[in-house]
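Trainee: Can you make the complete structure from the sequences, with help from the hints?
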Amino acid sequence: MSRSVWKGPFVDGYLLNKAETARNSGRNEIIKIWSRRSTILPQFVGLVFGVYNGKKFIPVQVSENMVGHKFGEFSPTRTFTGHSSDKKAKRG
Numbered sequence: 152m153s154r155s156v157w158k159g160p161f162v163d164g165y166l167l168n169k170a171e172t173a174r175n176s177g178r179n180e181i182i183k184i185w186s187r188r189s190t191i192l193p194q195f196v197g198l199v200f201g202v203y204n205g206k207k208f209i210p211v212q213v214s215e216n217m218v219g220h221k222f223g224e225f226s227p228t229r230t231f232t233g234h235s236s237d238k239k240a241k242r243g
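So that you can map any letter, position 50 of the sequence shown is 201 in the numbering used here, and since no number is skipped, the others follow by simple counting.
Hints were generated in silico from the structure; no laboratory data involved.
From the three backbone atoms N, C-alpha and C, an ideal C-beta is built for every residue, glycine too.
Check the hints yourself; a few may be wrong.
EDC-like cross-link-like pairs, simulated, lysine to aspartate or glutamate; straight-line CA separation at most 16 angstroms [as the list claims (entries may be wrong)]:
(1) K169 with E180
(2) K183 with E171
(3) K183 with D163
(4) K221 with D163
Pairwise CB distance ranges, derived in the manner of DEER restraints [to be verified]:
(5) T232 with L192: 17 to 23 angstroms
(6) T232 with Y165: 32 to 38 angstroms
(7) S235 with R178: 31 to 37 angstroms
(8) T228 with L167: 22 to 28 angstroms
(9) F231 with S155: 30 to 36 angstroms
(10) G197 with T230: 44 to 50 angstroms
(11) S214 with S236: 24 to 30 angstroms
Mentor: Given below as C-alpha cells:
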C-alpha cells in the first residue's frame, strides 16, 4: 500500500540538509546515506548519493526519471549467483 497523498513524500530530515549543503558547495562528491526508505525529490536531481546496501555504498546518480521512487530501489541488497541446477546441466 502506498503513502497517502495528503501526507506527502517521506524524506529523512538529515537527507534534505545534506543535499542542500552539497548543492551550495558546488563540489561533486558522493553524499553517503543510509536512508533507503526516503523518496527521491526533484531537488536531488544531478547529485550523486552513496546508498548503503548493508555491506557497501552503491553510487546512485539521480536523474529526472528517478523522481518519486525510493533510494533502495537503485541499491540491490542481494547478489544472484545463479541456480545450482544450471551448473549440472552445463557439464552433461
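Trainee: Would the pair K221 and D163 pass a check requiring their Cα atoms to be no farther apart than 16 angstroms?
Mentor: Given that 16 angstroms is the threshold and the Cα spacing comes to 12 angstroms, the pair holds.
Trainee: Between K183 and D163, does the CA-CA distance stay at or below 16 angstroms?
Mentor: Satisfied, since the Cα-Cα distance of roughly 13 angstroms is no more than 16 angstroms.
Trainee: Falls inside 32 to 38 angstroms, the C-beta gap from T232 to Y165?
Mentor: 35 angstroms, holds
Trainee: Between K169 and E180, is the straight-line Cα distance small enough, at 16 angstroms or below?
Mentor: Status holds; Cα separation ~11 angstroms.
Trainee: Does the beta carbon distance between F231 and S155 stay inside 30 to 36 angstroms, or does it fall outside?
Mentor: 34 angstroms, holds
Trainee: Assess, step by step, whether the Cα of K183 is no farther than 16 angstroms from the Cα of E171, and give holds or violated.
Mentor: 14 angstroms, holds
Trainee: Honestly, do T228 and L167 meet the 22 to 28 angstroms range at C-beta?
Mentor: The hint (22 to 28 angstroms, Cβ to Cβ) holds, given that T228 and L167 are roughly 24 angstroms apart.
Trainee: In this structure, is the beta-carbon distance linking T232 and L192 contained in 17 to 23 angstroms?
Mentor: 35 angstroms, violated
Trainee: In this structure, is the beta-carbon distance linking S235 and R178 contained in 31 to 37 angstroms?
Mentor: 46 angstroms, violated
Trainee: Range first: 44 to 50 angstroms. Now tell me if the beta carbons of G197 and T230 are that far apart.
Mentor: For G197 and T230 the Cβ distance comes to about 29 angstroms; the hint is violated.
Trainee: Is it true that S214 and S236 lie within 24 to 30 angstroms of each other by Cβ?
Mentor: 38 angstroms, violated
Consistency with the previously given hints fails for numbers 5, 7, 10, 11, ordered from lowest to highest.
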